[in-house]
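Starting from the structure of chain F, add chains X, R and G where the hints point.
Residue numbers (the working numbering), protein chains in the order written: chain F, 1 to 430; chain X, 1 to 301; chain R, 1 to 753; chain G, 1 to 207.
Hints are all accurate, no fakes.
Calculated lysine-lysine pairs in the DSS-like style (CA-CA distance at most 25 Å, straight line):
#1 X:K114 - G:K186
#2 F:K166 - R:K47
#3 X:K17 - G:K169
#4 X:K281 - G:K167
#5 R:K681 - F:K309
#6 X:K281 - X:K37
#7 G:K194 - X:K114
#8 G:K167 - X:K17
#9 F:K72 - R:K12
#10 G:K18 - R:K392
#11 F:K310 - R:K681
#12 F:K170 - R:K12
#13 G:K64 - R:K392
#14 R:K160 - F:K186
#15 G:K11 - R:K405
#16 G:K18 - R:K405
#17 F:K56 - R:K681
Treat the hints as calculated values from the structure; they're not laboratory data.
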Amino acid sequence: MTDVVATNETILVVGGGISGLTAALEAAECGKQVLLVEKNPSVGGRIAQLYKYFPKLCRPSCGQEINLRRLKANKKIRLLTMAEVTNVAGTAGDYDVSITIHPRYVNENCTACGACADAVTAEIDDPFNYNMTKTKAAYLPYNMAYPQRYVIDPSIVGSEDANKAKAACKYEAIDLDMQEQTIEIKVGAVIWATGWRPYDAAKIQPYGYDRFPNVITSVEFERMMDPFGPTGGKLLRPSDAKPAKNIAFIQCAGSRDRNHLTHCSRICCMASLKQSTYIGEQYGDDADAKATIYYIDIRAIDRFEDFYKKVQADEKVHFIKSKVANITQNRDTGDVVLHGVDTEGYQRYDNTHDLCVLAIGMEPSVRADQINDSVSADASGFIQPNGANAAIFGAGCATNALDVNRAVQSATAAALRAIQVVNRVSSAEA
Amino acid sequence: MAKKEYSFYPGCSSERKASASNYMVSVDAMCEKLDIKLNEIPDWNCCGASIGYAEGGELPRHVMNARNIALSEQNNPDQDIVATCAACWLGAKETADRLDASEQLLADTKEVLKEAGLDIHLKNETPIRHMVEVLIEDIGYEGLKEPMVKSLEGIKFAGYVGCQTNRPFGIDGESFENPMYLDKMVETVGGEAITDYDKKVTCCGGALAFSEPEKSQKQIKDIIEAAYDQGADMIVTPCPVCQMNVEVYQDQINKHYGTKFHIPVTYYSQLLTVAYCGNAKEAGLDGNIIRAKQLEEIAAK
Amino acid sequence: MSENKTAVYVCKGCGIGDRLDTDQLAKVAESEGKCSHVRQHDFLCNKDGVNTIRNDIDGEGVTHVVIAACSRRAKTEAFGFDDVALGRANLREGVIWVRPDTDEARETTQEMADDYLRMACAEIQYMKQPEANQNAGTNKNILVVGGGVSGMTAATEASKAGYGVLLVEKTGQLGGWAAKLHKRVPDREPFADPHDTGVSDLMKSVELDKNITVFLNSSVTRTSGAPGQFSIDISAESGETVTDNVGSIIQASGFSNYDANQLPELGYGNSPDVVDQAELEQLAKQATDGPIKRPSDGKEIESVVFVQCAGQRSNKPGHLPYCSGHCCNTSIKQAMYFKDANPDVDTVVIFDDLRTPGNGEDFYRSAQRKGVIFTKGKNQQVSPINGQLEVKFHDMILDEEAVAKADLVVLATGQVPNSGVDIEQATTLDIEEEGGESEAPAEAATSDAQIPVDSILNLTYRQGVDLPHLRHGFSDSHFICFPYETRRSGIYACGPVRRPMDIAQTMEDATGAALKAIQAVENATLGRAAHPRSGDLSFPSFRREGCTQCKRCTVECPFGAIDEDEQRYPVFNESRCRRCGTCMGACPVRVISFENYSVDTIGQQIKNVDMPDEFDEKPRILVLACENDAYPALDMAAQQGLEYSAFVRVVPVRCLGSVNSIWVTDALNSGYDGIMLMGCKKGDDYQCHFVRGSELAHERMSKIDDTLQQLQLESERVETYEVEITDIHRVPTLINEYAAKIDEIGMNPFKGF
Amino acid sequence: MSDVNTAMVQKYRNDFLKEVEENVEEGHWVKMCMQCGVCSGSCPFGPDWDHPPQEIFMMIRAGKRDEVLTTESMWMCTSCYNCIVRCPRELPITHIMHGLANYAHRLGIAPKMNPTRRFAKIFWNNIAKTGRVNELALSLKLYFMDGFMSGVKNALAMASVGIGMLKTKRLNPFALISHKGVKNPKELHVLLKKAREIEDRRKGIAS
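One chain only, chain F, in its complex shape (with noise of 0.2 Å):
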């Protein structure tokens, strides 16, 4: 039984992306304590799926690999992964909140050896590259994972697979008869980081992304550049493993849209400008390398302006300001054809590209009216600022479409939040 030490002075963070980890480690740093519950084996969340951050082209895994040592470094943080919230109830600073834990079949003894991988044989759809790949049935989701800690895929146990990790592990860290638990604990505050999901690109039905294999989407497209995704860094197409030079994004896939989100999701403009320098990244000045936008309005807002000038300088970047009306595909080169009218100046145009990219909108990963009735939810289900005395507080995009530096922002006023609700208890207690 996993025992967890929780008062009405602990703080619970739910989820363990980049709003989620830095809610509890500046609420931690301020010498709180704090309750930090992760659904998914590591932490990380999205941005660990990401190559590369706009408007500095850096990666994500340096600022995570800081957060990670002040993770490690900070005795106030309990980390809980596999593990989901399923009940909040009570009022601000006294809330009574069930974790169900999942099993990981791999306790604290490992040690990321590796040898359990190597004695499995079964694969399984690899997540962290949105199923583009498989993985072992044991596996470390990432490099970079933390905890760096191995897990055994449900669907393998009881099979013989299993006990050949089992065996292959010198190490007694493979427990084959955990059992999925739910603890009930106490908290004075709640900060809810859940994230973002893509919207399913599936619907976007014009598009034909359940239709044609070279229509994929920008968080695909992300980890194709990779060296460890899917086709290893290399910007191949599905259809025929053809490298991609003639590439297209279409901007608001599935965002602005009263058939799909009807909020504008702030960060796909920036996304495809930034993906859009992956090809010259990839091809060097190769003439057949070119990107085209197809957008309605660029939102580079505030100093994101610079970096479109900077895209915009670039001449193998072509911008059409135009909703691509649907796309088809050719049958025999697998090429996607897009067809539309470039509004400005009433152009019609059926182009064909190696490759299209979905700008994909963001949708809340939980519907903010699912978490507890004190919270309340706009219209796409994120959660609106909280007016009412209750103490559970949205992070990051769980809050709205926001980019990874206005994410750490809400998480951080998020932990402030937090820390006033405890502290009002223990000055109470006191």
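Coordinates of chains X, R and G only, in the frame set by chain F:
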């Protein structure tokens, strides 16, 4: 199976010796086998079709449809209105929606109908549905299989859904870009539905086949070409306008484009009727200008 | 603390026992490492192993622990002994995982391991378990500079957490720009109509808050000290000055409106009926939801045109190159002022890109529903023509020149940060005239806008009176993951001085800054470092007698932590220090050190490897690797089973900025054949969280070349690299290529001397 | 220019958007367009539009009254509803196009010779007469709308079609004399007349 009853709105093209009379014939036979009773709306009138807008305008067009709805409410109370023609279905449903949305429009319409001693209630009192919805939702693919006697095995169908059966309302759970129900129907009765028929929902020009023949026939050419490309033996459709446009202009298209089109264009109801052991006449196959020989052969067995 | 007792623990797990002769390692520890207390364990990180160590510490009074097992980045939970000085010899990621398991490789692999153990033992002997800064300040009050929405929010939020606040406002009242607004953009469902600003409530809550002391008509005329113990002068216009102490500072100095007089082509100045957004707010306030009147003649306005991006997103001299982010929503809100009062007023917004992120899209739709017309246009020109205004523009959709007539034209001009003095230039001059090293200004005063020259904080710091500016004069953090990573410890900027923002973002930002300010005082009180080395208890100490007053440390400290006294000796403000070691690396006479990180802890590691003589054909390559990027990359390369030369000895450093040239020259003298410095990305988009570490290393090493020439050594013997944490494949390749190069140019002739 | 038209011009001066909102079916949606262009790209006859829907919306806002009302563009609408289902702002574009065409037609400034306009007129009169389509009459009317000679040409050109339809009993050769419509056409005429009256009243069109 308990008898299912509906208030039926056949529409002009399905009248005797009208352009879709054979559609009607096969629908009757099909419903017979499926134990569906269609109670024709007495004294129904034309829906105005989409093209009616230009001269008819807004209110008169809605009045035409409102009259039918009113007659149905009056004579076939508590029965869903079912149409077999896309335009009829669309026109009636659109009017119903619009009247429900605008009190002004509803009031005006009521005022007009009063002249004929009619009244209309709405707020979805009488759901307006396409025959295809009845088959899929009320009978279900399993149900459609039951009366099946003959398989349409060996025939390749291009399921041409067209526009107005598909947009703006469409069939529940189907996508506007790639609806699958025709293909599923074809497979239900043992036929082969060609996969990735990318002109499935392309417009045939509709009424503009009359006024803009060249432009429309360009569309029709693509629709037929794509069917051939995928090796279809015949085209199947749920819409009288589509059926006619795609079938009757093939000679002219051949002249104009030097193509050699000669592909039958059938109705889903004809397929089902044949599968349900109806003969060629019952299936209205004698109504096809380009004979659907393979179907006739199966029907003859 | 009594005298040191060092214990060494050699782990045999994860294949270390199979691949290496651990008895040999133990021997090395005893004989060369001079450690009496050496244990081997089959599986050191399990409960039994950890207990063994724990018992030795508690029972045997062990003060210094060397763990010879996996990387310092692994198993931190198990090996987190924070009551002793701790060293880790990286035998797993550092040795066996990067070496082939072959008989030929055995010898060199063992030598690698032996050396790493020697190095760890050497390091630990010169390490002390740091004790927190003794003269840490304990003041927990927070100074907030600026009484606008950002300042008031920061103040109330800090107060709600129980902290005292001094709020200094330059003008006679609180509220800032927001108080001048008629209404604000909505921040919650249904995002359809302008909202009350809520500023008056905020002002009330500030005035009623007992934790908050407000100073109006006042400014900060002096700031000295450090987190936990800042000393500040607050001077009122009246002239009287209050001196007080605070623990940390929030700079919420906000923005100034861009001066629309620089936009004659848009008619500003040519007609009173051309106004900027701020002026329209005034007109709307006067109208109080009634019809808005025209400034020129008081006529009720029937038509209004909003010109977006006025003097913004433009590289024209005098214009702002950036986008102020809020202006689209603001114009939408202002168009609603007209439409809500009278739907028949024509309101046209001429925009290039309409930027209403998030739920702003609902607000945009709402405006359209109300009949606001949006036109995509460029090259606007505004001229008064018989009593009306004429807006000429190019209609981008219809692709033609178009004209819109209006009673009023509103220019959406931008926000200019009140970020005080641009110290980059100031210090540059300063340094040059003092003959110190000059550095090119990172952001030469951009054409952005005139930056107010009055200092905001009047810091007495050696490195200038205000926070360093980043792009376009904003005092932002340079880091995406760390928006509050300030370059002046304990001082946090928030609101539009950091980045153009609207009220909603500002309040969020101010709340975040308040947390950081609170965190700063809490850390300072405990004598701990703040981010990124948060929790680090060590701090720099220096031997005054050895100091030559060269001022390199004071110049190069990226955080302005070091001042100078009248004799130009460095004065360390421990609580300002971020423990990067840049000063240590800078010091030519090596008088600066940390208890757990010093010229010796690294120097001794370098010296204590076993140096084969030149006929052994076994070169030695020293790798000094940044602990945040290069070292993790090496670990992950090992994880991937990528191999590299057995001749390298890797030493992690806090930052390349902390690398003292003496390590390099000593290394060469003691026979190393080559030295690789691996730092992070430098330049405009630098990655270094200590700002210039990588940059400095490159500069310093370029100077080493002379030394090399004197020693008649090839310049290739010292190479500096930019390495990213993701260079998992590249790093081993770099090493192997370098090893090959050393092979070419041959052994270091100084071996054995 | 018809007097109805001049009346409207005077009534709305240069506020064409308002005129459209008040007189065109679903016209109040025009202002909701955000110029993404999906509609224009989705139209099967797209290339034949001088001004695609999204551009027409912009022209309306820009007050280009004559250009909009006299263009053939709207008459290219096949009522395929592609634009409606794809529009991210849910504008009922098909209906707006119909509405604009109808409005131009009612004002008498729609392109006189546009075949679709003329066919639509024939069609409506055809159904209004008896309440149901008389396909034979319809097609003949259509062929002969440009006079007798060209009518014969059209008829001959379409002969194969007609014969095919006749052979398959899908066209009634006697429809001109024996076509059946609703029981009481007169009553229907009353309804339609009344409807037209009310609509004109609402739209301030004096007829």
